[in-house]
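Student: Counted the way mature numbering (1 follows the signal peptide of the UniProt record, and there is no 0) counts, the sequence shown spans residues -17 to -1, 1 to 435.
Mixed in with the good hints, there may be bad ones.
As the list claims (entries may be wrong) - The list that follows gives simulated cross-link-like pairs (lysine-lysine, DSBU-like), each with its CA atoms no further than 35 Å apart:
id, residue 1, residue 2
1, Lys383, Lys50
2, Lys198, Lys251
3, Lys128, Lys91
4, Lys227, Lys314
I should point out that these hints are in silico values taken from the structure, not numbers from a laboratory.
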Amino acid sequence: MIFRNFFLIFLIKGIFGLLKLPQAEEGKPRLLVENWKNDVVYLVQYPRIESLPNLSIKCLLIESWLKIKNVQFIRINNHFLLGSPHYGTVPFVQFNGIFIEGSENIMKNLEHLGMKLERNSNENQIIRIVDEILIPILMEDRTLKINGKCGLDFLNYDNGIRKQLIKNLPEFMEYKHIQIAIENFGYILAINSNFWQEYFQLNLSDALTDNDEKKIIIFMKKYIKPVMGSFDMGDWQRLNNWLKMYIDEMLQKYFNGDGEGSMFTKIKHYLNKISLNHSSELFDNQLSIIAERLLLTGAYLFGSELTKADLSLFSVLVQYFEGPLNNREIKKYFLKESEKTLENQAYVGKGKKKIYEEDLDEIVEFKEDRGKVSTSSSNLDDAYIDWRIEIIYEFVERIKRHLGFANNQEWKSLQVEPWILNYETEKNFSEKYDGPFQVKTDELTDLDKLLD
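Construct all of the structure, not just a fragment, from the sequences and the given hints.
Tutor: Laid out in structure tokens, this is it:
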């Protein structure tokens, strides 16, 4: 019970230092959407990024849950900055003029909307596995440091984060003047959110056209003053290299820094409280529980219909399958047939001893059926070595299709610039919702005014 309570507190407090939605004059939270539509859910979540379809496990859970239930909803981009009015976290929703915070509260209060999901008395067992084992093991992996590299490093180099986070940092809501010296050249930079917005619209590569160079010169004249002389492209090369390092340092501090506000520090505090031990053994045991259930029940955890437990499991498994893993003991579980080496050969077939002998025929039949689907040997090489991972992978892919993604190319399009939040083509959300903060579809503009 102590673990459960602390975990819920951790989820409430979050690992991003989000700013709470401010109060209106009468002491109630300001509405993001003033002219809201009845029974339309306005879901506030993180922007999409390059590395994952959703940075947040709980945000992916809620958007998947709403979509499976066929609830009309609109995602609103919080720009990595805006949190809920009471706890300062995401996801949260505005619904019929009120705010609902936290994934469990959202699902409880909106359960009456849309289609009813199947219920099963054993769902809580799976949800506990997700919340108390799979998420903590993933958090442990994210903060593991090996040879100076941290499991959170991938966030530093994610273009979706670089282009969407930097411009919204509170320190750049007003102009910040920085004087720098590079190779005996001096510059004064006037940096604000517009600076970063325009910077990331430039061609930042080395292969530049004449038109690219004209845009760069205009940008430099607008925001940068040389201590001596005028600008040329030599200045740009120096400045662009400096700006890239400046961004690297900011993101390193934000994600991996030792300060109290960094994501790394917050996750470490959380892990120290719960004292997670024997991660790989725990992971192995839960794989067997989940895979054996899927083997017995078919499509989903409790049969042919989706439950909340299926979506909870899906939302964390996406991170394991599609995000980077740092812990070698955990990474081994996700080896594919094509990745067999002498070093990992001993791992092949791991997990079979965990099941009863009579289940082995079903596993063999499962793998044979998968082979019949495609005669391509390369597809067989794509199969996971561990039968449990292969079964769980098929479960994840099945839910993607249920969400409306015909193939992985469609799914991966979520991670491609411009990182669209409301990707559905079957609904027309072109209408503007002009509240005091000018919410337009999935964008919050004038954030500086919102947070005054």
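Student: For this structure, which hints from the list above don't hold up?
Tutor: Hint check: 2 and 3 fail, others pass.
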